[in-house]
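S.K.: So you can see what is in the structure, the chains are spelled out below.
There are 2 protein chains.
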Amino acid sequence: MVRPRRGSPNRDESTDAPGLDRIAGCDRRAPVDFPIVEPTEQTLAELDDMRASIDNIDAALVHLLAERFKCTKRVGRLKADHDMPPADPDREARQIARLRELAVEADLDPAFAEKFLTFITTEVIRHHEAIR
Amino acid sequence: MVRPRRGSPNRDESTDAPGLDRIAGCDRRAPVDFPIVEPTEQTLAELDDMRASIDNIDAALVHLLAERFKCTKRVGRLKADHDMPPADPDREARQIARLRELAVEADLDPAFAEKFLTFITTEVIRHHEAIR
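Residue numbers (this note's numbering), protein chains in the order written: chain A, 1 to 132; chain B, 1 to 132.
No lab work stands behind these hints: they were computed from the structure.
As the structure is a computational prediction, the values presented were derived from the model and not from experiment.
Possibly wrong hints are sitting among the right ones.
[What the hints assert, rightly or not] With a straight-line Cα cutoff of 30 Å, these simulated DSSO-like cross-link-like pairs (lysine-lysine) come out: (1) Lys70/A to Lys70/B; (2) Lys73/A to Lys73/B; (3) Lys115/A to Lys73/A; (4) Lys79/A to Lys70/B; (5) Lys115/B to Lys79/A.
[To be verified] Not the full set, but computed from the structure, chain B residues with beta-carbon under 10 Å of chain A: (6) Glu46; (7) Asp58; (8) Leu65; (9) Glu67; (10) Arg68; (11) Arg74; (12) Leu78; (13) Asp81; (14) Ile120.
[Claimed, not checked] Which chain B residues face chain A? A few, computed with CB under 10 Å, are given here: (15) Val62; (16) His63; (17) Thr72; (18) Ala93; (19) Gln95; (20) Asp107; (21) Glu129.
For every residue, glycine included, the Cβ atom is placed at its ideal position computed from N, Cα and C.
When you get a sec, could you build the whole thing from the sequences and use the hints?
M.R.: What follows is the structure, given as structure tokens:
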């Protein structure tokens, strides 16, 4: 079965089914004059399956972030009680360098890992300042 | 042992050691006229310990993010092959609603969870557009 999109003519599954080997592979995009392959039921099932994995990962991320903020809130309380500044540039520089290295090992863009840490740290400093 | 900070007089540990129960507790900050407690060795060790937990969580986050981008790159390839648009507002709305619920359960600010998903999704759409 083929789900038509954008008013394209319905296509025969036997010719247009992409094959699972193409989905996970690193083949380059087809040239411009290559006909667009409509998603088959199999393709849509594959998409649903990938999205279910993304949803599982997101649930794990949310729970890890919750735990991380529990830790940083304790750190914030400790810093406030001892009049230590909320931000610590040396610690942050070490964190960035470490996360960039871990990102390379995990095949994640290190620039994105750094952006991610900055995103989180901005929220943490906001929490720390709210404690004061 | 006490580490002096900001030129404050060194304090006696027996009077200023905060006690671990105060670190993790939810007591409000001391009133303004309450003397600032200098960090003791014990406090600094506690800070190091919390930071080690944060570093462990960050390593897990980086690896999960790497895995998430592997999934979304597969989705991007699939969408490009089938001429499907990179963004999917309905799917994103469902993801936001779900993550906000999960955040509440995990005691994470749901507004932050939504900001986090937007941050990630922006990067994902950038990847999807780069495939085309």
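S.K.: Hint by hint, note whether the structure agrees.
M.R.: Here's how the hints hold up against the structure:
1. Lys70/A to Lys70/B: Holds. Lys70/A to Lys70/B sits at ~28 Å (cutoff 30 Å).
2. Lys73/A to Lys73/B: At roughly 34 Å apart (the allowed maximum being 30 Å), Lys73/B and Lys73/A break the hint.
3. Lys115/A to Lys73/A: holds (21 Å)
4. Lys79/A to Lys70/B: violated (38 Å)
5. Lys115/B to Lys79/A: holds (26 Å)
6. Glu46: holds (7 Å)
7. Asp58: holds (6 Å)
8. Leu65: Given a least distance of 6 Å, the restraint on Leu65/B holds.
9. Glu67: holds (6 Å)
10. Arg68: holds (5 Å)
11. Arg74: With a closest approach of 6 Å, the Arg74/B hint holds.
12. Leu78: The hint holds - Leu78/B has a Cβ within 10 Å of chain A, the shortest such distance being about 6 Å.
13. Asp81: holds (6 Å)
14. Ile120: For Ile120/B, the interface hint holds, since the closest Cβ of chain A sits about 8 Å away, which is under 10 Å.
15. Val62: holds (5 Å)
16. His63: holds (5 Å)
17. Thr72: holds (7 Å)
18. Ala93: violated (14 Å)
19. Gln95: holds (7 Å)
20. Asp107: Holds, about 6 Å.
21. Glu129: Violated, because the Cβ-Cβ distance from Glu129/B to chain A comes to roughly 12 Å (cut-off 10 Å).
Of the numbered hints given earlier, the model fails hints 2, 4, 18, 21; all others are met.
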